[in-house]
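Q: With this note's numbering, the residue at position 85 of the sequence shown is 85, and numbering never jumps.
Just so you know, the hints here were simulated from the structure itself, not pulled from any lab data. Note that the coordinates shown come from a computational prediction; the quantities given were computed from them, not determined experimentally. Idealized CB from N, CA, C, for every residue including glycine. Mixed in with the good hints there might be a few duds.
With a straight-line Cα cutoff of 20 Å, these simulated EDC-like cross-link-like pairs (lysine to aspartate or glutamate) come out [unchecked claim]: (1) Lys11 / Asp44; (2) Lys11 / Asp38; (3) Lys11 / Glu30; (4) Lys11 / Glu21.
Cβ-Cβ distance ranges computed for the label pairs, FRET-style [to be verified]: (5) Glu31 / Ala92: 49 to 59 Å; (6) His45 / Arg78: 14 to 24 Å; (7) Val93 / Glu7: 42 to 52 Å; (8) Phe80 / Ile104: 30 to 40 Å; (9) Ser86 / Ile39: 39 to 49 Å; (10) Leu88 / Ala20: 49 to 59 Å.
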Amino acid sequence: MHDFDPELLRKYLTGQPSEAESNHVIQWLEENNLSQEDIQYVLDHPEAIWVFNEVDTPHNWSMVKKKMAAPSRVFPLRTFLRVAASILIIIAVSGIVMKVNQHIN
Numbered sequence: 001m002h003d004f005d006p007e008l009l010r011k012y013l014t015g016q017p018s019e020a021e022s023n024h025v026i027q028w029l030e031e032n033n034l035s036q037e038d039i040q041y042v043l044d045h046p047e048a049i050w051v052f053n054e055v056d057t058p059h060n061w062s063m064v065k066k067k068m069a070a071p072s073r074v075f076p077l078r079t080f081l082r083v084a085a086s087i088l089i090i091i092a093v094s095g096i097v098m099k100v101n102q103h104i105n
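The whole structure should be built from the sequences, with the hints applied where relevant.
A: This is how it looks when you write it as structure tokens:
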């Protein structure tokens, strides 16, 4: 098995690959014994190629799918941090406005 460039898959899907690129995509799919379901997953989630290249057991697509799902758990943390930062900015601006008001009065 060799690493696969996701850009090749995009070119393949848009119908713009060279014959060599097209053969490379087909060879990669065949080399990795992908089932029809796995091929459809790759076509639906081109970013899975990057994960596939990093997984120690590449034929284990459930591992790829788990790794693909993992980033979704990060988004709530990002959202929380954005909300917390917004609240801190509001508090800081409110404090500055109160100080200016006190100084004026």
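Q: All hints, please: hold or fail.
A: Each hint tested on the structure:
no.	hint	verdict
1	Lys11 / Asp44	holds, 14 Å
2	Lys11 / Asp38	holds, 19 Å
3	Lys11 / Glu30	holds, 18 Å
4	Lys11 / Glu21	holds, 8 Å
5	Glu31 / Ala92: 49 to 59 Å	holds, 56 Å
6	His45 / Arg78: 14 to 24 Å	holds, 21 Å
7	Val93 / Glu7: 42 to 52 Å	holds, 44 Å
8	Phe80 / Ile104: 30 to 40 Å	holds, 36 Å
9	Ser86 / Ile39: 39 to 49 Å	holds, 43 Å
10	Leu88 / Ala20: 49 to 59 Å	holds, 54 Å
Violated hints for the displayed structure: none, as all numbered hints are satisfied.
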